[in-house]
Amino acid sequence: VERGASERGGAVGTAKGTTVRQLRLAAELEGFYRQLFLPLVRRATWKHGLCKEDARDVVQDAFVLAVVKLRAGGNARAWLMSTVDHLATNLRRKGARRARLEARWLNPMDESEAAGADIDPEARRRSE
Amino acid sequence: MSTEQEHEVVPSIREWLAATTDVEIPLGMSRKEARWRAREFLAAVVAGTAVPDQVEVDYDFTDILWASIEELNGKPLGRQTFDECDCFYQFVAALSVENDLFDERDEVLHRAARVGWRSAPGGLETVLEARAATWKHGDERRHREVCETADQLTERIEVLTRQQVLELPEIRETCARLVKLSNICPSMVAAATVAMGALLGSKDRRIGRLDDIEHLKGVVALASAMAYRNLGRWDLARSGYARAASAFRRTAETSDLDRVEVDRLAIELAKGGCATIAASVPALVQTLVVPRDKTKAQLILAQALIDLDRLHDAMLILERLRQDPVIGSEPAFQAWLFSKLGVVCSYLGKDAEAVAAFKASGAILKRFFHPLQLADLTGAVGKHLGKLGKLREAITLYLAARAEFQRMGQAKFVGYYSVLVAELMVLLGKNEDAEAELLAALPLIERFDLKREGIAAVALLREAMANRRTDLTTIRQLRDQLRKELH
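Residue numbers (my numbering), protein chains in the order written: chain A, 1 to 128; chain B, 1 to 487.
Simulated from the structure, these hints should not be mistaken for lab results. One or more of the hints may lead you astray.
Far from chain B, some chain A residues (derived; all Cβ distances over 12 Å) [unchecked claim]:
(1) Q35
(2) V64
(3) R71
(4) R77
(5) T89
(6) A99
(7) E102
(8) A103
(9) R104
(10) W105
(11) L106
The list that follows gives simulated cross-link-like pairs (lysine to any residue, SDA-like), each with its CA atoms no further than 20 Å apart [said to hold, decoys possible]:
(12) K32(B) / E4(B)
(13) K69(A) / N90(A)
(14) K69(A) / E4(B)
(15) K52(A) / A283(B)
(16) K69(A) / E71(B)
(17) K69(A) / A283(B)
(18) K32(B) / E53(A)
(19) K383(B) / A283(B)
(20) K32(B) / D57(A)
(21) K52(A) / F61(B)
(22) K52(A) / A400(B)
(23) K359(B) / A400(B)
Cβ atoms here follow ideal geometry from the backbone N, Cα and C, with glycine treated the same way.
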């Protein structure tokens, strides 16, 4: 995987001498990248306010869980979306806790600002 | 170790994970770049220089759409933001999008609608309240008025079609009537929703702002699905549910999707999918937001449990629902509840309680016009009398219920009650009459894929054949026809 996204030429590069199977695999990976990976990364990025790199890690973790837990007959799309949502929320919560602890350590007198960071931005918007 | 098979997508995921270990996966546009380009894009949309037909919705553009929501969300509340959100909403709705497996466009539209309405003078709540009126049930005077003026519905839509400027409250009122009447006169509603759908789909006139049009389309599609469900036209009903869900996903308040999910259960029930309902509804109820739909789902579950002969489980649900405030405020649900309680009590041999429950249901339906519930109650009382050995009285009630269902265009119930009538006629020794009933019901049993009724019909024919050894050829033909349908 060398380059990606639309104008940068896709997720999978190919070289001379590749076999038909390798080409097919590359095409499949490219489809997977565009149809599953990127939309889930966008979901974690924009719905949960993560940076793209954290969003990528969340989606890769969701895929690892899927290998173990996703069973035939289930709705894979819904399962992946909900798993990405859970993992992204957990990551945000962890980040907020770390920020709060850091703030407390750096400036023990001013904890109020960091305490507010624990609130999910979507939840905050809804309550407005 | 689990013996369950893995999902068919898992091998692809495994290959993806193997191919991406220790490699940098490109992530498309950065958040910062997307926000910067979203600002440019929004300016072009508002200025009218961006044209939906000329935009290629690639992966970077989807990032820009998401980033636009963040941009809009950060703007001050007020008219200008509302207008910007409206321009953005209409633009995104008009885009041609392919392979949107995760419905990202719908999610973007849903968020744009929320931000937009929050910026409007009355705020989001005012809009949601106005829309909620579409689904209000329980007002007996209003219910009667809607039923009594049902035949004016088509004319009402024709008048709307001729108007140059369409007023939103007027369209909403017509849509609300369609929903109410879908259980009362489904044939008329099915036809009316076609005309209403054409009106809403017309590009000539702008209706409402932001997601107003999508909400109306969702309501009309759901009314259409409910009407077709009542008429036993499963495919048309399913298509209506799909259109309704697709429209509601794009609106500011997606809890309307609950209404679609719960009404879909009724098809499953009508097609005999009681085990599926019993397995899925308890979990579904936990996810539902709208209290009315929670109640409706549990009533459907109770009916499924009755059909599965799990009478005590059904009784537990029905008893619990008696305390439900939704039941108290909605006569149709109350009548439904008492009717089902009567059925369960009857099956459990609690005859006095059964009669009391049927009476309670009848008293509600005396003042609250609901022909569907009344026909259902009539049939339930008929079954109770049949069980007590009052076969002639039971037949009379079955025929009355069947006539009512026939009048409403609910052919699947006509087939069902014909089988019940035939069963009692066999018991009364009227085998020729029973055969005639079954022959008349056969096309309906076939048309609506009524497997349970088909099985009952085969058994009855066998009984009729045993009692009256004439006309064997006809009976065999009939039986073969049913068998072909059932396997």
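Which hints from the list above does the structure break, by number from lowest to highest?
1, 2, 3, 4, 12, 15, 16, 19, 22
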